[in-house]
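J.: Generate the whole structure from the sequences, applying the supplied hints.
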Amino acid sequence: MAIKTVRLWLWGAVVALALTAGVGALLLRQSPPGAAPFGTGTYSLIDQNGKAVDQTLFIGHPSALFFGFTHCPEVCPTTMAEMAGWFEALGDEGKDLRAYFVSIDPERDTPELLGDYVSWVSDRITGITGTPEEIAKIAGSWGVYYQRVPLDDGGYTMDHTALVFLLDDRGAFQGTIAYGEDQETAVGKLRNLLAKS
Amino acid sequence: MIRTLHAAVAAILLLVTPAFAHDGTTHVGELNITQPFTRATLPNAPVGGGFLTIANTGAEADRLIEASSAVAGDVQIHEMAMEGDVMKMRELADGLEIPAGATVALAPGGFHIMFMGLNQAFVEGEAVPVTLVFEKAGSVELALPVLGNAAKSAEHGAMEMGHGPAAPAAATK
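Protein chains in written order, with the numbering used here: chain A, 1 to 197; chain B, 198 to 370.
Note that these hints are calculated values from the structure, not bench results. Positions of the beta carbon are idealized from the N, C-alpha and C atoms, including for glycine. Any given hint could be a false lead.
Stated by the list, open to error - To be clear about the criterion: a stretch of chain B counts as covered by chain A if any three or more of its residues have a C-beta under 8 Å from a C-beta of chain A, and this derived list gives those stretches:
id, stretch
1, 223-236
2, 239-246
3, 272-279
4, 302-311
Claimed, not checked - Cβ-to-Cβ under 8 Å is the rule here; a few derived chain B residues that face chain A:
id, residue
5, D282
6, V283
7, M284
8, A347
T.: Given below as structure tokens:
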């Protein structure tokens with residue numbers, strides 16, 4: 001009798017937990033109504049060759065997207081070099097992948113200057129710049145923070161988000177690679193991205 | 198006479214030794230500076246970072262207050278920090294303290310010497326001259342070897358330069 005009561009209580013607990021989990025899962029699956037998916041936006045920019053580009057740039061192939069600037073002492077050249085390493089590691093497997101370096105310092109980064117900067121690292125990376133207003137739009141759609149920091153010689157440097165965003169062939173957000181993430185993990189993420197695209 | 202000569206030799210040795218850079222260590226006052234390096238810059242990159250390790254063997258704190266170089270219009274002492282996924286860079290207006298008995302590393306991801314307004318690119322295999330001024334130890338001239346553009350440390354970078362056979366397992370991360 002006592003054992004039977006315990007057993008009933010346990011089954012009761014199981015049902016209660018299952019219900020909670022089920023309702024939770026249902027709630028989580030519903031995305032908030034009206035919210036645009038992450039990374040969605042419209043903007044008119046120019047690539048390193050002076051060609052006009054917009055949000056359709058990321059459609060038709062998987063992409064790795066980084067926001068930086070050429071006056072950047074460390075994070076940007078390091079990320080560029082790491083990107084070159086990823087392409088090398090992926091070899092033929094990564095032939096559809098394209099990488100973009102979007103300047104968050106468009107007033108100093110002209111297409112030509114940016115082009116020399118990125119193409120020296122890899123011909124698989126395209127430099128993108130534009131007007132400060134349009135750069136603000138693309139950065140905003142990816143939640144990228146950037147801020148001018150004055151230096152005492154009258155110049156300035158930039159604080160900025162140092163993530164690499166991974167986009168599938170529909171231009172949809174699939175994940176990120178953090179600054180300094182080890183090559184094996186980064187290449188693993190890119191392989192997953194390529195498999196999904 | 199011989200005794201005087203001995204004393205003179207000893208005195209000269211004492212005077213001269215601290216200025217020698219042996220085992221890649223540069224001595225200035227009570228400070229030992231090791232593992233200097235910088236990275237090859239990308240075309241049009243107007244800035245570069247310099248890295249080294251400073252050990253203060255003295256009983257008093259010292260301070261790196263100034264840096265200059267013939268290759269840059271301006272050289273500053275900076276701190277880089279990641280706050281979450283945001284890279285932030287700050288000039289250390291009061292310089293960088295080297296506490297007594299402590300070792301302070303200027304390394305990628307943290308403190309660095311910031312070369313601004315470069316009048317030449319940093320080319321892998323060459324060296325960049327820099328003069329550091331310390332509050333107590335005075336000034337010292339160094340040559341920072343230019344390593345690959347993603348070198349993480351003096352040793353790591355030296356290995357990357359080879360591009361030869363795979364490095365021994367113990368030396369890779």
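J.: The structure should be examined with respect to each hint, and the outcome stated for every one.
T.: Outcome of the hint check:
no. : hint    : verdict
1   : 223-236 : violated (count 1)
2   : 239-246 : holds (count 8)
3   : 272-279 : holds (count 4)
4   : 302-311 : holds (count 4)
5   : D282    : 5 Å, holds
6   : V283    : 5 Å, holds
7   : M284    : 4 Å, holds
8   : A347    : 4 Å, holds
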